[in-house]
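Asks: Each chain, letter by letter, is given below.
Number of protein chains: 2
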Amino acid sequence: MSAVDGARQSWATLPARKALRIARASAYADGRILRSDRIVEALEALIEPGDRVALEGNNQKQADFLSRSLAMVDPAKVHGINLLISTLGRREHLDLFERGIARRVDFSFAGPQSLRMAQLLEDDKLEIGAIYTYIELYARMFVDLTPQIALVCAEQADAEGNLYTGANTEDTPTIVEAAAFRHGVVIVQVNEIVDKLPRVDIPGSWVDFVVKADRPYAVEPLFTRDPRHIGDLQILMGMMVIRGIYERHGVTALNHGIGFDTAAIELLLPTYGEKLGLKGKICRNWALNPHPTLIPAIESGWVESVHCFGSEVGMGEYIRARPDIFFVGRDGSMRSNRVFCQLAGQYGVDLFIGSTLQMDRDGNSSTVTLGRLAGFGGAPNMGHDPRGRRHASEAWLSLMTSTEPVARGRKLVVQTVETFKAGGIPTFVETLDAVEVGRKSGMPIAPVMIYGDDVSHVVTEEGIAYLYKVDGEERRAAIAAVAGATEIGQTAKPKVTADLRARGIVAYPEDLGVSPLEASRSLLAARSIDDLVTWSGGLYDPPARFRSW
Amino acid sequence: MSAVDGARQSWATLPARKALRIARASAYADGRILRSDRIVEALEALIEPGDRVALEGNNQKQADFLSRSLAMVDPAKVHGINLLISTLGRREHLDLFERGIARRVDFSFAGPQSLRMAQLLEDDKLEIGAIYTYIELYARMFVDLTPQIALVCAEQADAEGNLYTGANTEDTPTIVEAAAFRHGVVIVQVNEIVDKLPRVDIPGSWVDFVVKADRPYAVEPLFTRDPRHIGDLQILMGMMVIRGIYERHGVTALNHGIGFDTAAIELLLPTYGEKLGLKGKICRNWALNPHPTLIPAIESGWVESVHCFGSEVGMGEYIRARPDIFFVGRDGSMRSNRVFCQLAGQYGVDLFIGSTLQMDRDGNSSTVTLGRLAGFGGAPNMGHDPRGRRHASEAWLSLMTSTEPVARGRKLVVQTVETFKAGGIPTFVETLDAVEVGRKSGMPIAPVMIYGDDVSHVVTEEGIAYLYKVDGEERRAAIAAVAGATEIGQTAKPKVTADLRARGIVAYPEDLGVSPLEASRSLLAARSIDDLVTWSGGLYDPPARFRSW
Chain A
1 MSAVDGARQS
11 WATLPARKAL
21 RIARASAYAD
31 GRILRSDRIV
41 EALEALIEPG
51 DRVALEGNNQ
61 KQADFLSRSL
71 AMVDPAKVHG
81 INLLISTLGR
91 REHLDLFERG
101 IARRVDFSFA
111 GPQSLRMAQL
121 LEDDKLEIGA
131 IYTYIELYAR
141 MFVDLTPQIA
151 LVCAEQADAE
161 GNLYTGANTE
171 DTPTIVEAAA
181 FRHGVVIVQV
191 NEIVDKLPRV
201 DIPGSWVDFV
211 VKADRPYAVE
221 PLFTRDPRHI
231 GDLQILMGMM
241 VIRGIYERHG
251 VTALNHGIGF
261 DTAAIELLLP
271 TYGEKLGLKG
281 KICRNWALNP
291 HPTLIPAIES
301 GWVESVHCFG
311 SEVGMGEYIR
321 ARPDIFFVGR
331 DGSMRSNRVF
341 CQLAGQYGVD
351 LFIGSTLQMD
361 RDGNSSTVTL
371 GRLAGFGGAP
381 NMGHDPRGRR
391 HASEAWLSLM
401 TSTEPVARGR
411 KLVVQTVETF
421 KAGGIPTFVE
431 TLDAVEVGRK
441 SGMPIAPVMI
451 YGDDVSHVVT
461 EEGIAYLYKV
471 DGEERRAAIA
481 AVAGATEIGQ
491 TAKPKVTADL
501 RARGIVAYPE
511 DLGVSPLEAS
521 RSLLAARSID
531 DLVTWSGGLY
541 DPPARFRSW
Chain B
1 MSAVDGARQS
11 WATLPARKAL
21 RIARASAYAD
31 GRILRSDRIV
41 EALEALIEPG
51 DRVALEGNNQ
61 KQADFLSRSL
71 AMVDPAKVHG
81 INLLISTLGR
91 REHLDLFERG
101 IARRVDFSFA
111 GPQSLRMAQL
121 LEDDKLEIGA
131 IYTYIELYAR
141 MFVDLTPQIA
151 LVCAEQADAE
161 GNLYTGANTE
171 DTPTIVEAAA
181 FRHGVVIVQV
191 NEIVDKLPRV
201 DIPGSWVDFV
211 VKADRPYAVE
221 PLFTRDPRHI
231 GDLQILMGMM
241 VIRGIYERHG
251 VTALNHGIGF
261 DTAAIELLLP
271 TYGEKLGLKG
281 KICRNWALNP
291 HPTLIPAIES
301 GWVESVHCFG
311 SEVGMGEYIR
321 ARPDIFFVGR
331 DGSMRSNRVF
341 CQLAGQYGVD
351 LFIGSTLQMD
361 RDGNSSTVTL
371 GRLAGFGGAP
381 NMGHDPRGRR
391 HASEAWLSLM
401 TSTEPVARGR
411 KLVVQTVETF
421 KAGGIPTFVE
431 TLDAVEVGRK
441 SGMPIAPVMI
451 YGDDVSHVVT
461 EEGIAYLYKV
471 DGEERRAAIA
481 AVAGATEIGQ
491 TAKPKVTADL
501 RARGIVAYPE
511 DLGVSPLEAS
521 RSLLAARSID
531 DLVTWSGGLY
541 DPPARFRSW
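Chains as they are written, first to last, in the UniProt record's numbering: chain A, 1 to 549; chain B, 1 to 549.
Note that these hints are calculated values from the structure, not bench results. It should be emphasised that the depicted structure is a prediction, and the values quoted were computed from it without experimental measurement. Any given hint might turn out to be false.
The list treats identical chains as interchangeable, and a pair is accepted whether it falls inside one copy or across any two copies.
[Unchecked claim] Calculated pairs, EDC-like style, for lysine to aspartate or glutamate (alpha carbon to alpha carbon, straight line, at most 20 Å):
| id | residue 1 | residue 2 |
| --- | --- | --- |
| 1 | K212 | D471 |
| 2 | K493 | E474 |
| 3 | K440 | E404 |
| 4 | K279 | D144 |
| 5 | K125 | E41 |
All chains, full assembly: derive it from the sequences and hints.
Replies: So, in C-alpha cells, the structure goes:
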C-alpha cells in the first residue's frame, strides 16, 4: 500500500481555475454586479474553449439577454463549448453553432429550431451529446456533465446576489446548485436589481455575478389553450376518459400533458363530471402547470392542490388570489420547481395522460416525425411505469392483474389520439417515423417518446383499449379495435373485437354509457378565453394574442 | 356556465390557519427565535390534532431535539398526527404512537425500531399510510401529503432564519420547500445561532422559527465499514465484479450500496483494478455518500467526482481538502442533497450494485425478513431500470439484446449475495419472507426491495449470472447455477449450466480469469480503519467506536 503512487500536485485545481476566471472578469464588474454594456467582454473573460455551459432555456423562460450576448462573443476567444440546455428554442442558440462558439449539445427539446438543427447536424457544425428528458439532463449535471459556467435568469437580485425567481422557478435552482457547488461560475441576468427582495429563492452564497438585462427575460404562454379550438371529437374522448378511466380507477392525483385533448377534460369536469357526481372523488391533486383551462374546475371546487413545474403568462394574479390551491410563498407569489414537479409526476401521482402524433401497432408512440428532431421534454419521465415505486394507492392497485405473491400495481399511462390527423394522415402507423429519424441522425436508439409496454390505456374517438389487461397478440388486437379506419384499424376482426369488448378489454362509447350525441361544445364549462376570464372573476389576464375582444 | 355554483367563502383558509398558529406560538418566541426552554409549549401551540407533521429523521441525521420535545407534548392537546418521516430510527419516534400523539405514519425505513413497530401495529396503536422510497415520500409532500408542520435541523441559523445545513444537507431543503410554500410552519433546530453564516443553504424567507437545541443534532456514521471485517469471499466477489461487470460493460458512472461487498470493491480498485490497467476507464463518477473505503481509490487518482446524498461522520476535513473531487461550496464545506443524488442515481449513472438478505428463484430480493418491517430507504429508486430514461451511454447500450427497431438499452442493476448467511441460512429461498410479512401486516403488496425483472446481474461467490440476456426458465437456470449448495442451487443441471457458461450467460471465476487463490485480504488497499487514516494523510477522523489504537 502506498499513498504516494498517483500522488498529485494539487487537489484544488477546479477552485483555482474558477478564481482565475473571476479575476479576469472583475474588470467588468462592480462587486457581484456585472456591467450590462460590457457583458460580451465579461463572457469572453469568463468562458474558456471547450467549457460545459449550462444555459437556461426551457419551454417557457429563457435567459435570452445572456444567450444573445453569448452569440456575440469572438469565436477566436470562445469556441468549442458544450452547451447543456433544456430547450433549444431560440434563433441565437443555433447561431452559437453556426459561428463555432458551441460544438456539442446535450438537450431535451428543440421544437421551433428542429429543422435548422437537423441541417447543422448534416453540415457537421453541431454534434449531439444525447437527447434527454429534462431531469435526466439535470441528473448528469451532478455526475459527469457538471457545468463550468451557468447562465440563468431571475426576476430580481439584490447587491449580495440573492435572487427572487418569482412564479417561474422552473430549472433555475437546479442548474445553479449543480454549478455553484462544483466550482462553476454562476451568472444571472435579472429584470431588476433592487434593495429588498419580496423573498429569497436562491441565496447569494451560490451566485457569482448578476447583470441587469436589456429587457425582461423572454417567457412563452405555452400552456394556454383557447377553448374555441376544442372540437366534438375531443369532447367525446374527454367524456370517455372521465367515465372509463378516472371514475373507473378512482384517479385522485394526476398530471395532464399539454394539448386540446386534456384541455377538453379540464373543461368537462364542472359539467359532465359534476353530472356524474364525481366531484371530490376524482382529480383532486394535480402536478401541472397553471393551465387557464383548469380555472372552471378550480372555481367549482374540484381542485385541492396544484403543484407546478413553472408558471403561465397571465395567471399571476389569479394564482395569488387562490393560495389554498397553489404553492405560494409568504410574499403571495407562486413557487414552482421543475424537479420537484417532475418527481411528483413520476412518483407522487397515479396517472399521466398525454397526446401523441404517431403510434404503432404495439402502442409505441412519438412526437418525432420526419425532418424534425424535436425531443420530448418531460413526457417520458411521467409517461412510464416507475418501477422504483413501492407505495400503493387505490388507482395504482386497480391495474394489478397478476395473482403472483410478488405482484404489484402500476401507473396509469394514458395516450389519447385521434385516428387521423389533419389532412387525413393516419396516426396509427406500421413503423414510427422516429425509427427512420433515429437511423438517419445516427442516434444510438430510436427517439420513442412513450414505449408501448408502459402504456396502460389508449383512447381514440372510437373507444378505449385497456392495454394493461393483455399481452402480445391480444394487445395488438385491442389497439386495432380502437384504430378506426386506419390500415391498422382495418386489421381488426369483428369477432375478436366483440370478444375484447365482452371481456372489458375494449370499450366503445356505448359500453361506457357515453352518448356521442351529447358530445358537443355546449358541454364545455368555458368556450372561449373570454369565458375563462369571466370564471376567474377578471383575475386571469391572457396575453394579447389570445384576446379577441 | 356559472361561476357562482360552488362558490366559497375564502380561498385563503390555509394562510389564515398558519397565521393563527404563529400568533399562538409568539408567546414563546423572540422574532423568529423560539425559546429552547419553552419548546414543548411552543409545539403544543403550533400543532393541531390530525396535522401532517414532517419530522426530519433519516438514516443519518435526526432533528432529535424536536422529536424528543414532540414526544413530551400533552396528548390531550396534540393527538392523532400523521407523521411523515424518512427513517423511524429513534425510540421517541415510537413513543409518539405509544402516547397517542401520532396515529398514522408514512415512512421509508424503520431498521432499528422495526420490531417495536410491528408490535405497535398489532396493538392498533399505529397505522401505516404506506412504505415508500425516500423520494416517493418527498414526491407526495408536493401532492396530497403536504405537511402542516415541518420539524427539521441545521448546523447554524442567523436571526433572520437563514440556515447553514453544512455538509449533511440530505432531506432538509426538500422538506422545508414542501412545507414553506404550502402554508406549513417550518421549525428548525440548530446547533448554534450566529451573526454570520459561512454560507446560506436555505433562505430565511422559507423559515418560520429556529430554536437552539440542547445539544448538536444526532448523526450516525452509517457508511463507515471497517476493512478488518472484509473476508476472502467478498474479495473474490469484488474481483469478479470488476472483471466481469465493470470492465466488460465499461462502467464509468455508478452508485454503490452500503455493505462490505461494495467496500471490498472500493478497496480493490487501487490494487487489482490497477493491475488490470483499468484506471481512468471505469469508476470515474460516483453518486455516493463519502465512504471512507473510497479514500484509497481517490488518493490513487481513480475518482473524478463524487456527489453525495449526505455526509459521513469524520470525513469533513478530508472532503474540504479534496475540492476537486467532492461538491463543495464557496466556504469549502460540502454540499450534499438527497433528492439530487437520488436523481443522479436513477437517471445519471449506469450502474447500481447492492447486497440483499434473501433472493428467490426469479431474482426478486428483499431485506425485509420475518418480524422486521424494515423498509428500503433509497435502494429501489436506484435498483431498477428507469424506463423514463432516453439518453444512451456505452454501458447502457451494452445491455441491449433485442434487434427490434424500437429496442433500447438498460441500466445495470447488480445484486451481490453470498449463497449462505451466517449460521448456514440459505440466501436463496423458494419464497421471500417479505411475502409473509406483507400478508401478516395487511400490506397491499409484498415489500420486495428489488424486483427480479429489474436485476441485470447476480453475483455470488460461485460466479455471475448475466440475467439480462435471458428470460423465463433459462433465467431461473442461470440463478440456480450461481446459487451454490442451497436447495435452489441443487436444482441446477450440470449440462444446462455448461451450456449457459459456453454462451456467456453464466461465468465462474475461471471463465473471467479470476483466481480464487489470489482472493485474499492482502489484495485490499487498506486492511483497517487505521490504514484509511494513513491513506488520507491524517485528514480522515474516524468516530471513536471505529478506533482501535
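Asks: Compare the structure with each hint and give your call.
Replies: Checked hints:
Neither within a single protomer nor between protomers do K212 and D471 lie at most 20 Å apart by alpha-carbon distance, with minima of 57 Å and 59 Å respectively. Taking the shortest alpha-carbon separations for K493 and E474, only the intra-copy value of 11 Å comes in at or below 20 Å, while the best inter-copy value is 35 Å. In this assembly of identical chains, the alpha carbons of K440 and E404 lie at most 20 Å apart only when taken from different copies (17 Å versus 43 Å within one copy). Taking CA atoms no more than 20 Å apart as the test, K279 paired with D144 passes between copies only; the shortest distance there is 16 Å, against 47 Å inside one copy.
For the homomeric pair K125 and E41, neither the shortest alpha-carbon distance inside one copy (24 Å) nor that between copies (67 Å) is at most 20 Å.
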